[in-house]
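Chains as they are written, first to last, in our numbering: chain R, 1 to 243; chain X, 244 to 486; chain B, 487 to 729; chain H, 730 to 972; chain F, 973 to 1215; chain L, 1216 to 1458.
Calculated from the structure, these hints are not laboratory results.
Straight-line C-alpha distance at most 27 Å; calculated DSSO-like pairs for lysine-lysine:
1. L:K1327 <-> F:K1081
2. R:K132 <-> L:K1283
3. L:K1222 <-> L:K1424
4. B:K554 <-> H:K736
5. R:K109 <-> L:K1324
6. L:K1379 <-> L:K1335
7. H:K841 <-> B:K580
8. L:K1327 <-> R:K112
9. B:K613 <-> B:K554
10. F:K1084 <-> L:K1324
11. X:K476 <-> X:K452
12. L:K1327 <-> F:K1066
13. B:K695 <-> H:K745
14. B:K614 <-> B:K540
15. F:K1181 <-> L:K1231
16. L:K1309 <-> R:K120
17. R:K54 <-> R:K7
18. X:K375 <-> X:K294
19. X:K375 <-> R:K68
20. L:K1347 <-> L:K1379
21. H:K850 <-> B:K580
22. X:K311 <-> B:K650
23. R:K7 <-> L:K1448
24. B:K493 <-> X:K452
25. X:K259 <-> R:K68
26. L:K1231 <-> F:K1205
27. F:K1066 <-> F:K1081
28. X:K371 <-> X:K327
29. L:K1283 <-> L:K1336
Okay, here's what each chain looks like letter by letter:
6 protein chains.
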Amino acid sequence: MDSERVKTGVIGLDDKIEGGFIRGSINFVTGTTGTGKTAFCASFLYAGIMKGEKGLYITTEEREEDIKADIRSMFSWDFDEFEKHGLMRFVSIKPDIPAKMITGEDVSKVIKLYMYELTKKIEEEIKKFKAKRLVVDSVSLVELFIKDEYLRKIALMQLIDRLKDLNITAVLTGAIPEGQEALSTTGIIEFLTDSVIKLDFVPVAEEFKRTLTVRKMRRTDHSILIHPFEITKEGVKVIEIVE
Amino acid sequence: MDSERVKTGVIGLDDKIEGGFIRGSINFVTGTTGTGKTAFCASFLYAGIMKGEKGLYITTEEREEDIKADIRSMFSWDFDEFEKHGLMRFVSIKPDIPAKMITGEDVSKVIKLYMYELTKKIEEEIKKFKAKRLVVDSVSLVELFIKDEYLRKIALMQLIDRLKDLNITAVLTGAIPEGQEALSTTGIIEFLTDSVIKLDFVPVAEEFKRTLTVRKMRRTDHSILIHPFEITKEGVKVIEIVE
Amino acid sequence: MDSERVKTGVIGLDDKIEGGFIRGSINFVTGTTGTGKTAFCASFLYAGIMKGEKGLYITTEEREEDIKADIRSMFSWDFDEFEKHGLMRFVSIKPDIPAKMITGEDVSKVIKLYMYELTKKIEEEIKKFKAKRLVVDSVSLVELFIKDEYLRKIALMQLIDRLKDLNITAVLTGAIPEGQEALSTTGIIEFLTDSVIKLDFVPVAEEFKRTLTVRKMRRTDHSILIHPFEITKEGVKVIEIVE
Amino acid sequence: MDSERVKTGVIGLDDKIEGGFIRGSINFVTGTTGTGKTAFCASFLYAGIMKGEKGLYITTEEREEDIKADIRSMFSWDFDEFEKHGLMRFVSIKPDIPAKMITGEDVSKVIKLYMYELTKKIEEEIKKFKAKRLVVDSVSLVELFIKDEYLRKIALMQLIDRLKDLNITAVLTGAIPEGQEALSTTGIIEFLTDSVIKLDFVPVAEEFKRTLTVRKMRRTDHSILIHPFEITKEGVKVIEIVE
Amino acid sequence: MDSERVKTGVIGLDDKIEGGFIRGSINFVTGTTGTGKTAFCASFLYAGIMKGEKGLYITTEEREEDIKADIRSMFSWDFDEFEKHGLMRFVSIKPDIPAKMITGEDVSKVIKLYMYELTKKIEEEIKKFKAKRLVVDSVSLVELFIKDEYLRKIALMQLIDRLKDLNITAVLTGAIPEGQEALSTTGIIEFLTDSVIKLDFVPVAEEFKRTLTVRKMRRTDHSILIHPFEITKEGVKVIEIVE
Amino acid sequence: MDSERVKTGVIGLDDKIEGGFIRGSINFVTGTTGTGKTAFCASFLYAGIMKGEKGLYITTEEREEDIKADIRSMFSWDFDEFEKHGLMRFVSIKPDIPAKMITGEDVSKVIKLYMYELTKKIEEEIKKFKAKRLVVDSVSLVELFIKDEYLRKIALMQLIDRLKDLNITAVLTGAIPEGQEALSTTGIIEFLTDSVIKLDFVPVAEEFKRTLTVRKMRRTDHSILIHPFEITKEGVKVIEIVE
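If we strip away everything but chain R, and leave its shape as in the complex, we get (with noise of 0.2 Å):
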């Protein structure tokens, strides 16, 4: 209970884990898509800025563009104000595959490069910018691009354990592929991030609800419930139940 913390800025999940995330941890939320992963990192770097904590937002999947609008169109925050005034940067980090049809060992090649470029890129950004909080959304895509499952392992390994060294509070984002019971498509990152934040997105009736669980969180005597969430134009909120 002595480590610092850090808010989360997702709205009545703090009170549930002692605070907030312990300073210095790699975080990891899962889900499978469209459960709110985006929304939770976008939350969690505007916490950040009105802490004066600059953020770094690294995409693996869309430009920059269309990540900002993503979040625009979800919250009321005005991100490019915060960029203008350096207390944010998105940055893009996509493999480039070429275009025409390439065998399995190029692409290989190609995202082994990438993941060389990922973590090197993250380091200079953090450095360069002096980023307390960094997002990377999402890991998924080195887990679905290097095709062996064993190299995979060792590249998600590596990749943590520099995050790890850079002193940085971070949230990587993972897919669960639909109708697995996995926190992660490698089985791996669960056993080395400082948490796991699961969401969902359940069927109740004839309706989908949106849950978050807490699965584990080191150094934290963390809540065991399975609470209901929205996303509001104010953040991510938890939905407090009154028993």
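Starting from the known structure of chain R, arrange chains X, B, H, F and L on it as the hints suggest.
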């Protein structure tokens, strides 16, 4: 919420997704065989024509006359008339596999060439025809006939990347193998598209019921209900549930 | 609704699929072993004969005399008489695998040759005999004996493509391995055919019940009910449920 | 209904399958270990003897004296006496695998040779002994010890083809691995035989219950009930359910 | 029912299986880890000693002193005393895998040698010691450490064939991997042994309950109930259910 | 019952397993991520210190300062003080995988070397430090990073064999992949250890509940209840259920 919207053409759906698809987005409509994907696509193009937006319907599985007959049989719209007036084009792009039994390697080459042709032809048609809406029905052939699972992923990623560059609003259809909980055969396309709409055909007592769920829609505060729907003469129609 | 229909021969089914199968369509009737597929096929051909349409019954698993005995045992119709009058033909096309145990490679060649012969023979018979209706009962041998999963898909696609060119209304039967939720062994044939009809044999309390479901039918506003059915002397008969 | 029937020997079963097995048919009796397959086989041969039809019991898993002891322990019939009077023959045909650990290749050869011998020996015995009924208990060894999954299918198809040529009424037993929904290990034998009878041993509250289901029977309007049965001194006995 | 029976040593079990195991039979006792297999084995040997039949306990997983301590902790019997009086022998036959990490090939050789030694040693001990009862606890090491799945089957078949030739009443224990419905790892041993007894440890509300089921017993009209049981100081004890 | 027991340190557990772990036993504590395994380990070592038994905590996944912070955050104990007084040692033994992406082969060598080092270092530490209690938290890295499934089994067997020779009471932790029913990744460690304790985190209505089950304990008449537990400041605590 500031992104421009285009009507989906599905009656009752637009007000559940902040007005429609985002202009320029790539949307994925998925379901097992016979769940109404072609009906969805036709409704989408019809809505465009009503707004003066030209539509291009690429079919990878049927002959042009067959897909037109399919649509004619479902709806009261006169697509032939639209085509004559240059508002609409149907193009069948099927892989041409030689008659005598050949090796998997040969087929693989045919399919690679096919993917290349498919992408190129779509580009040409869009530029020449100045289409504003595109349907690719379906990408499942790609998923089924590229032998190497890994190259399948790459091929889909490349196709979607090209489409994103073309500034067209598109609907791609996919196929979920019966009895699986996945959103697609490859398990990747749902991460690359801007939205995922799942059509189901679920047994309820002695009957099957059609349902539509928006599983993901970027930049959109979308409905999280499981919506029953019908295929009516006037188009696909989401049934309002009175509570 | 403007497509010409041919009676399915299954009593009570036609009014649930806008009048019958579409003329010239390729239809897939699938189910686990013993669910009534052969009964469906015979009913289909019988309905043709009653309209003066010649029928061709290709069996890939039984001898001609056995399949005829099967049908004779189920129905009151005199198919021998029909055959004598040139309204009907039964042809058994079984793969001829040599007696002494051979290698998988040898078998593979035998089967490839078989597929080629099967397609050619069907074409010849149809042209010579001027059949209007075709049954291929079943394609499961193809699915079970082409060793390479990928070539199996290609072989089925080629067979169906040829049949579509022949302008015949066809019923192909398939086999679902017991205890699986799939519609076929290959998971592709259901995407290539114009309709999919699934027969089930489901345990209900102390009994098994036969049911028929139209899982897909192009150009058709088909029933979405799970229909119980019986095999009666007068043909396969869908039981009307009074509500 | 015009096919000649032979009594199955299972009390209460014949009137549920139009009088018995079809003369000359190949029947498959399947179930997990300990579900009563051997009891079924013995009842089948006993019924033949009572009609003056000689019976041949091939065991592939036990010694002749053991299988005879098995049957003696279950039923009040004196099979030794039948054997002495030339009405019955028990033949054990087990594969002879050398004592010192050998390679998979070697074993494979032994098994191929075994399959060849098995088929030949059955033919010889039937011709010499003029048996009218045959039991092969079981074909599961074939399924378990032919290494290549594909050759296993071929071997079974060849065995069944040979048996069909021999004009004998046969019961083959198979084995369903515990906890699987399949009808056999290979998933093919059930398509090749004329009937499939499944024996189950299902937990009901604090007890296991034996049930018999006719899953398929060609040329036969068979029961579709799940029949409880017992193994009594007088033979396997289907229990009539009073409604 | 004419076969000679030997007491199983499990209190309350013998009257459910016509008096006990068949003399000379090979019996398989299986279950997940911690279900009471060792307790069953000890009870079986104790019953033999009470009848003057010498017992041989082969352990493949523990040291002799550990297995003896296991049994001592469970029961009030003085096996040390029995051993001193020559009524009983405990032999630990563990594979000796060299300390430094070696290749799979090397390990495979070690295990093959081990299997050979195991079989030979059992034979020698039985002959020298004139044991009437044998326990091999367990055969799961064989299942886990023979790399090739196919050779694993052969090895087990050979072991059981040798034991059958030795005219000893034996209990082999096996291991079911947690969360699987199988009766053994290889899925073959249950077809080769004369009986299969399954021990379960099933969650019932807030508790786990021990149950024993006779899944198969040749030449025996066995109980088909699911019997709860306890491990008491006087031996494994089946609990009678009063109805 | 005559074996010497050591307190587990888990409040309320000892009286359910005849007084504690057996001195010198190797115990396996398993569960999915975040189920309280580290808390169990710390409680185990604390109980030792209270009895004057030195404890060695090997962490294979975290840095020494991190694991210490983890424990500090959970409990009121001053492990730093214990360490200063020589009652306790924390040693982090993580594999050192080079930064630039390497091949699977290279990684495999690194891990083999690592396993060798791990075993050697544990031996050295135990001898030098005279520890009486050992924790290895966790063996899951071994399970995840030895590529060949078979060598993984061997490596674990060798590690456990060495530990048994060292006469130390040990707790090894393992990892169960989310959504699987297994007790470990390899499916073998549970057969090799003297006990298996499973921690669960199960959803009950809107909440997750922690439970502990003793799945196996040699030489011990152990509880077979599913025990709810809490992580309190005073240690892991089994909740007594009043009946």
